[in-house]
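**Student:** Chain order of the listed sequences is S and B. By this note's numbering, the letter at position 193 of the first sequence is numbered 550, and the numbering carries on one by one without gaps. By this note's numbering, the letter at position 79 of the second sequence is numbered 436, and the numbering carries on one by one without gaps.
The hints are simulated quantities; they were obtained by calculation from the structure and are not laboratory data. On a predicted model such as this, the values are computed, not experimentally measured, just so you know. Heads up, a few of these hints could be off.
Because identical chains cannot be distinguished in the list, a pair is counted as satisfied if it fits within a single copy or across any two copies.
[Unchecked claim] Lysine-lysine pairs mimicking DSBU-like chemistry, simulated, CA-CA at most 35 Å apart: (1) Lys420 with Lys577; (2) Lys492 with Lys420; (3) Lys492 with Lys665; (4) Lys377 with Lys659; (5) Lys399 with Lys659; (6) Lys659 with Lys492; (7) Lys663 with Lys577; (8) Lys377 with Lys665; (9) Lys377 with Lys399; (10) Lys377 with Lys492; (11) Lys492 with Lys577; (12) Lys663 with Lys377.
Letter by letter, the chains look like this.
2 protein chains.
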Amino acid sequence: MSIDLSSGPQCPIPLQHREKIILGHGSGGTLSQELISSVFLKYLNNPLLEQNDDSAQFELINKNSRIAITTDSHIVSPIFFPGGDIGKLAVCGTVNDLAMSGAIPRYLTAGFILEEGLEISILERILYSMAEAAKEADILIAAGDTKVVERGKADQIFITTSGIGEIPYSHGHISGNNAQPGDAVIISGSIGDHGIAVLAARNNLLGEIDVRSDVSPLNKMLQGILEEGAEIHVLRDPTRGGLATTLNEIACQSRVTIHIEESQIPIQPAVKAACEILGFDPMYVANEGKVVIICSHNQSEKIVAKLKAHPYGVDSVVIGRVDNDHPGKVILHNIYGTTRLVTRLSGELLPRIC
Amino acid sequence: MSIDLSSGPQCPIPLQHREKIILGHGSGGTLSQELISSVFLKYLNNPLLEQNDDSAQFELINKNSRIAITTDSHIVSPIFFPGGDIGKLAVCGTVNDLAMSGAIPRYLTAGFILEEGLEISILERILYSMAEAAKEADILIAAGDTKVVERGKADQIFITTSGIGEIPYSHGHISGNNAQPGDAVIISGSIGDHGIAVLAARNNLLGEIDVRSDVSPLNKMLQGILEEGAEIHVLRDPTRGGLATTLNEIACQSRVTIHIEESQIPIQPAVKAACEILGFDPMYVANEGKVVIICSHNQSEKIVAKLKAHPYGVDSVVIGRVDNDHPGKVILHNIYGTTRLVTRLSGELLPRIC
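In isolation and in its complexed conformation, chain S is listed as follows (with noise of 0.2 Å):
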């Protein structure tokens, strides 16, 4: 027998650059492993990657827990704008929807759709964006998948994660379903940030409009209140639809009426500016990293004391009240007493903010 046995790749795969991705890169071949190790290592190498199998294999902290999962696929553009990019999006999304369930983010998956053509200096911002979010959120990226289209076939990239996490029975039952008349409805913090920052991005608006999205994983903060046991009924987040379909869906899962007082709404001055301007409501404008909290009344001030003293909480107040007297509606209260329902969001008021 006589083979060259210096042909053939060795191993460990050595380190090439190049610059541009290739369909090459989504073969599962040469080339594939040559990313994975060069580009997608450098940034969120960590012991369940390095497993290197099908899967990844990890023990469940509290054996005692219930498990949440969840998904998102993330396909915002432009893939940067101000206050983050899709990368820190894709990791918050899939964090923040499961800490609306209360639970302790874990772990999460990322399945990477690249268009041919992109360049690797912008994959490494992104995936370094994803990295910084992850360490924030105590999260750990423990799989990953690579495919990659051919030019035109995609818009430079796409990000799908998903998450799982654990719920202490201690952090009661949140859900949709659970908003009860006489229960305080709290916002965390100015809305329509988000999608106004990634309009502004997109049509080349930065100089006229000055706002940042404010994408930011919120578990940390919300874990704070939960483990002091304040008994929380709906956690969710008002990304795309906005405030207002994300009450929606509250009123029509707990079948209750939201009554909301329209003055105590917080938007940033640029926001509502943006919004008159450009012919918006803010109520459906998307948010990244606000909380619509419900519980019973007599938790509220606490709740909101504490979210204040929290960076992503600090414009905090309470914005209504759960009722019953119009089961699945939401109702907006102005300043001068007359009132207007508030529906989903019918249509598409800005596309891909996500």
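Given the structure of chain S, go ahead and fit chain B onto it with the hints provided.
**Tutor:** Here is chain B on its own, set in the frame of chain S:
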């Protein structure tokens, strides 16, 4: 207070027929709800999806299992091919990745990226396939997400699935690191079927090439073997990059040599003929319903017999052995007694195969 309560959406949202996906279906508002309730839930409904919260919640069946998680993005083109479609692939791909760790697949999440203009009847066919595959694999689709991008910014539909499984401790430690000198190498059937079927569908060669994809969930077949206490060291499905790349990964991870008898590798005549005409080496062509099993030599006969008794394993055969003479290398022996080194796939053989 006077409000016209007849305006605004009813609860639950009424169905409304639309023939094509529009941007508003990704808005998170009324149209998204409509798409979910009238299309997605028609095929995928189950108690977990009905929870209708930001995450799905469940308890582990066996609190003493380890947990396996994995993710895969699916971008196959064309989306329908002989033997399957992107929906079946998206479920089986993730189910099989779980099964390759010895896990019992439990829950699946699915993130959909839809191109504006996709016919809803096409989406329905894909969802139907997903539901059928999930039923066969006995996995529950627990969470989903849908985004829509403008026409020309994606290619009909991309699906990213993530899976969670439970690994009973009795299944031992199955890993690509675990091949040992003296072990036997088994393949569960003919290679190259999936890649050639997709290629034929893509290039209108269906009249000339009559090959069906092998896309299948392999978990039940493998569970049957593991539950009987077979001592398996490595399980891996030779998908992108084909059998050659998979064997190289294992040789590299386990620091062993893998010797393969070329004449023992099962290849369908139609696949062989197509590869000869097109200049492909079937060793690099993707499979979606085959598994490489590496086990101690004295277990191999029993395992092959058990595989042969299952519809997905009738052509199972021992194709080689593990040694330590040239660690990290895969060596192919032909019937004339000569040998050649088989490396990983370099470059891209067939893009968008999964």
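**Student:** With reference to the structure, classify each hint as holding or not holding.
**Tutor:** These are the hints, each one checked on the structure:
no. : hint               : verdict
1   : Lys420 with Lys577 : both (21 Å within a copy, 26 Å between copies)
2   : Lys492 with Lys420 : both (24 Å within a copy, 28 Å between copies)
3   : Lys492 with Lys665 : within (23 Å within a copy, 47 Å between copies)
4   : Lys377 with Lys659 : neither (52 Å within a copy, 49 Å between copies)
5   : Lys399 with Lys659 : neither (43 Å within a copy, 43 Å between copies)
6   : Lys659 with Lys492 : within (28 Å within a copy, 47 Å between copies)
7   : Lys663 with Lys577 : within (12 Å within a copy, 50 Å between copies)
8   : Lys377 with Lys665 : neither (45 Å within a copy, 45 Å between copies)
9   : Lys377 with Lys399 : within (17 Å within a copy, 42 Å between copies)
10  : Lys377 with Lys492 : within (27 Å within a copy, 40 Å between copies)
11  : Lys492 with Lys577 : within (12 Å within a copy, 37 Å between copies)
12  : Lys663 with Lys377 : neither (47 Å within a copy, 47 Å between copies)
In terms of the numbered hints stated before, the structure departs from hints 4, 5, 8 and 12, listed from lowest to highest.
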